[in-house]
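> Here is how the chains run, residue by residue.
2 protein chains.
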Amino acid sequence: MISVVILGAGNVATHLFKAFNKVEQISVIQWYNRSTDALKTYKKEVEVIDDLSLLKEADLYILAVSDDAIKPLSSKLPFENRLVVHTSGAVGIYDIDKKHKRGVFYPLQTFSKTADVDFANVPICIEALESVDYHLLKKLAISIGSPTKKVNTDQRKVLHVAAVFVNNFTNQLYRMAHEITESEGAEFDLLKPLILETAKKVQDMSPYMAQTGPAKRNDKKTLRRHLKLLKDQHHTDIYNLLTTSIQLTHGRKKL
Amino acid sequence: MISVVILGAGNVATHLFKAFNKVEQISVIQWYNRSTDALKTYKKEVEVIDDLSLLKEADLYILAVSDDAIKPLSSKLPFENRLVVHTSGAVGIYDIDKKHKRGVFYPLQTFSKTADVDFANVPICIEALESVDYHLLKKLAISIGSPTKKVNTDQRKVLHVAAVFVNNFTNQLYRMAHEITESEGAEFDLLKPLILETAKKVQDMSPYMAQTGPAKRNDKKTLRRHLKLLKDQHHTDIYNLLTTSIQLTHGRKKL
Chain B
1 MISVVILGAG NVATHLFKAF NKVEQISVIQ WYNRSTDALK TYKKEVEVID
51 DLSLLKEADL YILAVSDDAI KPLSSKLPFE NRLVVHTSGA VGIYDIDKKH
101 KRGVFYPLQT FSKTADVDFA NVPICIEALE SVDYHLLKKL AISIGSPTKK
151 VNTDQRKVLH VAAVFVNNFT NQLYRMAHEI TESEGAEFDL LKPLILETAK
201 KVQDMSPYMA QTGPAKRNDK KTLRRHLKLL KDQHHTDIYN LLTTSIQLTH
251 GRKKL
Chain F
1 MISVVILGAG NVATHLFKAF NKVEQISVIQ WYNRSTDALK TYKKEVEVID
51 DLSLLKEADL YILAVSDDAI KPLSSKLPFE NRLVVHTSGA VGIYDIDKKH
101 KRGVFYPLQT FSKTADVDFA NVPICIEALE SVDYHLLKKL AISIGSPTKK
151 VNTDQRKVLH VAAVFVNNFT NQLYRMAHEI TESEGAEFDL LKPLILETAK
201 KVQDMSPYMA QTGPAKRNDK KTLRRHLKLL KDQHHTDIYN LLTTSIQLTH
251 GRKKL
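Chains B and F, in that order, give the protein sequences. Quick note: the first sequence uses the UniProt record's numbering, first residue 1, plus one each step. Quick note: the second sequence uses the UniProt record's numbering, first residue 1, plus one each step.
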């Protein structure tokens with residue numbers, strides 16, 4: 001049995017709590033937040049506290065708080081030499097106060113407040129300074145069904161940037177497609193199977209191999225036609241930059 | 001029974017042939033290509049021809065050829081007043097020679113040579129000048145299990161541009177994520193569940209509502225950190241442009 005204290009009340013904290021609470025191998029013994037209001041739904045399931053001096057001894061303290069809060073909160077913890085981890089993709093392991101055993105437990109996935117999370121689809125990137133701590137974190141991840149990977153701070157930071165490309169930026173391309181289709185009263189819904197297929201394709205094939213379309217073919221006529229159709233300068237800028245990007249990747253253009 | 005002649009030997013032609021050939025309601029009576037070499041695998045299943053004068057009478061002729069070939073090929077067909085459709089997202093219905101009954105049967109999906117296609121995931125955008133032709137095309141699409149939508153030429157053209165955004169451009173973002181992760185020896189594979197989840201999220205939620213991340217939150221510290229990590233000027237350009245785009249959409253920035 002792994003005893004865990006969760007600190008923080010955001011999406012990651014909440015989804016971790018729900019996942020931990022479902023499995024026998026893990027016991028969440030306390031859940032801390034600056035204000036217990038955010039946690040009141042869970043008061044019957046776990047001891048909820050807003051006072052760090054009430055923290056009990058546990059195998060593991062998970063700081064699922066904002067990036068900027070990790071360092072000060074870790075310093076304020078009224079104990080030392082226990083395992084304290086954060087869940088951030090962007091913050092180094094050494095941001096955790098050195099009085100603790102330190103680690104990182106970074107779930108590489110997008111979480112929303114409402115939707116349920118299947119942790120089988122959430123790779124956990126693990127970092128620890130001591131092998132025994134690494135193995136505890138790995139055991140914790142495996143208990144909730146997550147794949148795990150040992151990832152150092154530099155690797156985690158580039159994964160975090162890359163996640164912005166495949167998640168936030170990709171979603172913004174979907175948004176632009178929505179704007180473009182709506183401008184002619186066409187249905188964005190018609191693009192949904194294509195969106196899904198594009199994501200599925202790179203599960204088994206490299207994005208390089210998966211590329212198709214007018215930019216890759218250097219089909220100048222279609223490229224010109226598309227640019228003529230785009231009415232928003234901002235869409236045109238994105239079209240030009242990403243077309244150039246594809247042509248650089250596939251040798252149609254040289255810098 | 002709908003009798004069909006397919007013209008062309010590319011991915012769309014091939015996947016349509018395979019789908020049509022599976023269902024009882026459709027009979028592919030001939031398959032034409034400039035060279036029958038490309039079609040030799042199918043000679044036992046269908047009459048394969050490379051001479052337009054051999055074309056038989058059919059309910060429908062499908063020009064699944066390159067955009068530029070649609071107009072000249074439609075003119076060369078040695079008959080008139082029969083239903084002739086093309087499968088392109090970018091070409092107008094009036095590019096088909098006016099001696100024919102004209103239509104468009106545009107499958108909005110990405111096709112690769114190897115992977116099998118489930119037409120339930122391929123919306124067919126249908127356009128026709130006569131109601132009777134529209135209904136025949138709709139019946140054809142339904143026979144292979146595809147959802148259908150009446151889409152006029154202007155709508156189809158913007159769908160085609162929008163498809164480039166959600167398919168080619170999105171795939172290029174995946175490619176950049178691949179480059180970024182590899183630069184630190186991190187595994188691109190760790191991003192695959194996130195890629196899939198991002199695509200799934202907008203199946204039930206608008207891209208506007210689905211957006212998250214540092215650009216939307218205007219988290220300047222993380223934005224700065226990310227820019228510092230990116231070593232390739234080209235990645236930096238994309239990062240800046242898409243961050244600005246998200247901030248324009250979500251009211252963090254005004255033009």
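Quick caveat, the hints were computed from the structure, so don't treat them as lab data. Note that the structure is predicted; figures quoted are calculated from it, not measured. Errors might be hidden in some of the hints.
To be verified - When the alpha-carbon atoms are kept at most 25 Å apart in a straight line, the in silico SDA-like pairs for lysine to any residue are as follows:
no. : chain 1 : residue 1 : chain 2 : residue 2
1   : B       : LYS150    : F       : LYS22
2   : F       : LYS22     : B       : PRO193
3   : B       : LYS200    : F       : LYS44
4   : B       : LYS200    : B       : LYS221
What the hints assert, rightly or not - If you want a taste of the chain B side facing chain F, the calculated C-beta under 7 Å gives, among others:
no. : residue
5   : GLN25
6   : GLY92
7   : ILE93
8   : TYR94
9   : THR114
10  : TYR134
11  : HIS135
12  : SER143
13  : GLY145
14  : THR148
15  : LYS150
16  : THR153
17  : THR181
18  : LEU190
19  : PRO207
20  : MET209
Here a beta-carbon is modelled for each residue, glycine too, at the ideal position from N, C-alpha and C.
> Hold the hint about B/MET209 up to the distance rule: shortest CB distance to chain F must be less than 7 Å.
With Cβ-Cβ at 9 Å, over 7 Å, it is violated.
> Hint validation: B/GLY145 versus chain F, beta carbon distance must be below 7 Å. Holds or violated?
Since the shortest Cβ distance to chain F is 12 Å, the answer is violated.
> A closest beta-carbon separation below 7 Å is what the hint needs, so does B/THR114 meet it against chain F?
This hint is violated: B/THR114 lies away from chain F, its Cβ roughly 10 Å from the closest one there, beyond 7 Å.
> Close enough to count: is the Cβ of B/HIS135 nearer than 7 Å to one in chain F?
Status violated, d = 20 Å.
> Hint validation: B/LYS150 versus chain F, beta carbon distance must be below 7 Å. Holds or violated?
violated, 10 Å
> May I ask you to test the interface hint for B/SER143 with respect to chain F, counting a Cβ-Cβ separation under 7 Å as satisfied?
violated, 18 Å
> So if I understand the rule, the pair passes when the alpha-carbon distance is 25 Å or less; does B/LYS200 with F/LYS44 pass?
violated, 33 Å
> Is the interface hint for B/THR148 satisfied, with its Cβ closer than 7 Å to some Cβ of chain F?
violated, 10 Å
> Holds or violated: the hint that B/TYR94 contacts chain F, with Cβ atoms closer than 7 Å.
violated, 15 Å
> Does the nearest C-beta of chain F fall within a distance shorter than 7 Å of the C-beta of B/THR181?
holds, 5 Å
> Does the CB of B/TYR134 sit less than 7 Å away from some CB of chain F?
Since chain F brings no Cβ nearer than about 17 Å to B/TYR134, farther than 7 Å, the hint is violated.
> Do the alpha carbons of B/LYS150 and F/LYS22 lie within 25 Å of each other, as the hint requires?
violated, 48 Å
Of the numbered hints stated above, those contradicted by the structure are hints 1, 3, 4, 5, 6, 7, 8, 9, 10, 11, 12, 13, 14, 15, 16, 20, listed in ascending order.
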